[in-house]
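Protein chains: 2
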Amino acid sequence: MAARAERRSFWTWGYVSDEPSEAARKDAARNLAERLGHGIEPPTVPAIDAIALRPARLDVPAAFADWVSASAEERITHTHGGHSLELLKGLNGRFDSPPDAVAHPRTEDELEATLAWCDRDGHVAIPYGGGTSVVWGVTVPEDAASAVTIDLDNLNTVLEVDEVSRAARVQGGMLGPDLEAALKPLGLTLRHFPQSFPWSTVGGWVATRSGGHYATNHTHIDDFVESTRMLTPQGWVESRRLPGSGAGPSPDRLVLGSEGILGVVTECWLRLQKRPTFRATAGVLFDSWHRGTEAVRAIAQAKLMPANLRILDPGEAAFSAGLDGNHALLIIGFESSEIPQGDNARAAVAIARDSGGLIEDDEILIDDGTGRPTGRGGAVGAWRNAFIGVNAGLTAGLGLLSDTFETAVTWDKWPDFDAEVRARVGASLREAIGEDARLSCRFTHVYPDGPAPYYSFSGVVPRGAEEERWQAVKAAASAAVVAAGGTVTHHHAVGRMHRDGYDEQRPQLFAEMLRAAKRRVDPRGILNPGVLIDV
Amino acid sequence: MAARAERRSFWTWGYVSDEPSEAARKDAARNLAERLGHGIEPPTVPAIDAIALRPARLDVPAAFADWVSASAEERITHTHGGHSLELLKGLNGRFDSPPDAVAHPRTEDELEATLAWCDRDGHVAIPYGGGTSVVWGVTVPEDAASAVTIDLDNLNTVLEVDEVSRAARVQGGMLGPDLEAALKPLGLTLRHFPQSFPWSTVGGWVATRSGGHYATNHTHIDDFVESTRMLTPQGWVESRRLPGSGAGPSPDRLVLGSEGILGVVTECWLRLQKRPTFRATAGVLFDSWHRGTEAVRAIAQAKLMPANLRILDPGEAAFSAGLDGNHALLIIGFESSEIPQGDNARAAVAIARDSGGLIEDDEILIDDGTGRPTGRGGAVGAWRNAFIGVNAGLTAGLGLLSDTFETAVTWDKWPDFDAEVRARVGASLREAIGEDARLSCRFTHVYPDGPAPYYSFSGVVPRGAEEERWQAVKAAASAAVVAAGGTVTHHHAVGRMHRDGYDEQRPQLFAEMLRAAKRRVDPRGILNPGVLIDV
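Protein chains in written order, with this note's numbering: chain U, 1 to 535; chain E, 1 to 535.
Simulated from the structure, these hints should not be mistaken for lab results.
Built from N, CA and C at the ideal position, the CB exists for glycine as well.
A portion of the hints provided could be inaccurate.
Heads up, simulated BS3-like pairs for lysine-lysine below, C-alpha to C-alpha not over 30 Å straight-line [said to hold, decoys possible]:
1. Lys274(E) - Lys303(U)
2. Lys303(E) - Lys303(U)
3. Lys413(E) - Lys274(U)
4. Lys26(E) - Lys474(E)
Here are the in silico distance ranges between beta carbons for each label pair [to be verified]:
5. Ala350(E) - Arg353(U): 26 to 34 Å
6. Ala419(U) - Gln234(E): 33 to 41 Å
7. Gln234(E) - Thr44(U): 32 to 40 Å
8. Ala181(E) - Glu468(U): 39 to 47 Å
9. Arg35(U) - Ala350(E): 54 to 62 Å
10. Asp500(U) - Ala350(E): 49 to 57 Å
11. Asp66(U) - Arg291(E): 52 to 60 Å
Whole structure, please, built from the sequences with the hints as guidance.
What follows is the structure in structure tokens.
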């Protein structure tokens, strides 16, 4: 019934094959035990058929038996999103609010039938792409009387490629790697690499306004969407393929970020490009975090538009890239399918040096189409590898609390913003975790008018106290970010987790307009109730 | 009461001082007479106080007397937008559907009072920036029982500049030149130059999703808006200043393109930049329109992102830039405040040559910060001057019909799109105007996935028949553009003129959602009824 090659793990990020081995988990526990000074054992992973589950509260129509299931396995693997505390719940065998059934429609007709069934019988309907939401975007609300998760995994094809315009019509359930694999023989690529890329889907990216690996210029999926096709309980909304338009408010921009409350995104046309062959990379050190971020501002405002322009604060540079803890690391990268990028890299480095950046000329790595590696050695390569491996499961259940929060803010508020967030979150961390708690920052995206800072925190808490301690820190982080003028989320989405901050930051009447629009297409309020707005 | 330094002309584009002289109009008539073979005299411009006007159908509250007027002059100068046939009506003294009063609120409080009055008494309210709409976006609907035009001309200040983030908080009624004059002492610029720039406003740009002079990358005002502030009959909608966000559908993107049906845009934060000092320009000839547009596609898809990338078909290149009629002219231009642009220009020219582009190396004009003129000589300069002078009034009333229509379409549909549009509009032109009618095309904006073609047509028709003949051609043009896969407007907006095409191209359920959102903030439907949607 499910279309993915593999089953999604119910306790770690990714598939069953991504789960760390028992031996690796024991090693990790031993390492942590040395740090803690007392022994610690990783919890036992429960067998999936030993997990106790609330009985399904609905009957699957017999005609839907080919694509809708109420099996325990389906319900278990669709209960939680990708947040580490959800995965910890999974590891602890806790599946308190599972969907009552999971649909895997193989056609748009089956999707229509599924949504009509939910609408008629009043089942909450939860659109589901790769299940990587870290904001409780795919979880069943506790007050739902019944819920059906609609997994798009069978709608996972590239339907059409327009090589002339460089665009493709892609189904919503397509995973990142599958999309790139389908485009590769044509020499084309979307090049949208959110950190969830291996496990997340095109429809999920659109619904959550995901941010890609490009640090500057177009990076949100918003900018790569040429048109969208979405099924609502009241019918289809399909926009016209257009490279640009000024005809009224953009229909696509209402779909983008709608997080499943308006409909199910089944298809979109995406803008592609040729694969890059020219690259240039530089890793620049700064002995001051503040001067480093000033360099980032100067490069962004010079509109060189590098593909990469990420700076790691000294703590993060030490932890993720092996630096000495006294230097921030700025990673500059350019890429192009057509134009050599050495001059751009040298221009960016010159600006960085004006702000105190340290780099030798011969450390600027340039690939003028020969395939010379530019990003896999040294500190840059170390960071790249740390970024790619998400492995949340390795230390799950050991009492290690680790999470991130991300935002964007205008430059005039930076660095006061940073100081205030660190002060408030730092205080909360000391209280919830202790003096050993770590808090660090990097920029994931940079705009001419402001950065998108990404904070990571971690520490050791008593086993069993993870959720309570996390709640306190998370609440402090969201409140601090919004109070200091940032957005409660730059690319992780709102879901159910960020509702408080979102309610505070977005215009009240906009929420009312969104609610009115939702009522028009979802009059019974079955689609993801509680996400973004109350129905 | 009105805040502009000058009164807007009621029969030509711009202010009274922009009106052509009697002598110039007679010269233009003589030139046309030679072409026609019979004498022709320009019509007499009516004195403003001799124009017959329907009595105002409402009473202005006494408390509003400082900023609301029902004077004939106010009503006459706010009856028509900027379309040439509206101006011709003005020249002919026809003001059939004037607003009943014109408000010039000097503060947000006065704006609130004005809108509350309209809402309470059921007057249609028409937000008005510079009055340059060419799509009947500021005209009073004929079935309105009473109407108040709300001119933002008193809300015309830069309230705040954030030099660090390079952004400014600007009031909606600010004109393009006033904005640039205010920013110039700071070395900053918005650099958003729609063709209406001298007479149009920031609020108008936002409401209509105007397109600027940048041919590639960010050019719609959408991309320069950091936040918006809009008054609706139900209160204010104000978004947070953010460089980027993934928190739900973008509130600003619902305001952008709302064309006055949701509220009055009083303020926005706009993203600025430093003034460019590095420039490079090249004019490249092609002996084939099709090969020229192929070159444009190749340059756009190489992501060089030139500021200018406009191609004129042979007819337009002859008419506007003095070429021989057998060559298309591609104008390539780069600009930067930081980085020399010679290499980029040479890279673009190399791509153009691959598609048959003709240019000598020494015809690439490069200004590496010395102020060397790059765009004011030769064919490029001739075209630039033709673009800047809009002067619609010179030949008004002589029977010369001249208009444009603009669109955007994906590359896979081009050049068939061009052939179909020319065939259908050409047939209509032959019927409505005759064999002498001209039809030409240029690209105003270019995206990696498609161009924004801009068609111009003109010809001589019997005096008095202009409107009827225009109707036929315009209907053919809109129908052809939408049928062939384009958008009914790329940057001129929908207004009342493009409703048929818009209704056809936009998703029906999106219109329903937009209507539901409008009802929430404008329950009595007073704001610009009939624009974009029926209430």
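Status of the hints after comparison with the structure:
As the CA atoms of Lys274(E) and Lys303(U) are separated by approximately 10 Å, the hinted pair is consistent with the 30 Å bound. Taking the CA atoms of Lys303(E) and Lys303(U), the gap is about 13 Å. The hint holds against a cut of 30 Å. With a CA separation close to 20 Å, the supplied pair Lys413(E) and Lys274(U) stays within the 30 Å bound. A threshold of 30 Å between alpha carbons decides the hint, and for Lys26(E) with Lys474(E) the separation of about 29 Å falls inside it, so the pair holds.
At roughly 31 Å, the beta carbons of Ala350(E) and Arg353(U) sit within the given window of 26 to 34 Å. Take Ala419(U) and Gln234(E): their Cβ atoms lie about 38 Å apart, and the range 33 to 41 Å holds. In this structure, Gln234(E) and Thr44(U) break the distance hint of 32 to 40 Å, their C-beta atoms being roughly 57 Å apart. For Ala181(E) and Glu468(U), the Cβ-Cβ distance of about 58 Å falls outside the hinted range of 39 to 47 Å, so the restraint is violated.
For the pair Arg35(U) and Ala350(E), the supplied restraint of 54 to 62 Å holds, since their beta-carbon distance comes to about 58 Å. Between Asp500(U) and Ala350(E) the C-beta distance comes to about 54 Å, which sits within the given range of 49 to 57 Å. Between Asp66(U) and Arg291(E) the beta carbon distance is about 53 Å. The supplied range of 52 to 60 Å therefore holds.
This entry does not satisfy hints 7 and 8, going by the numbered hints stated previously.
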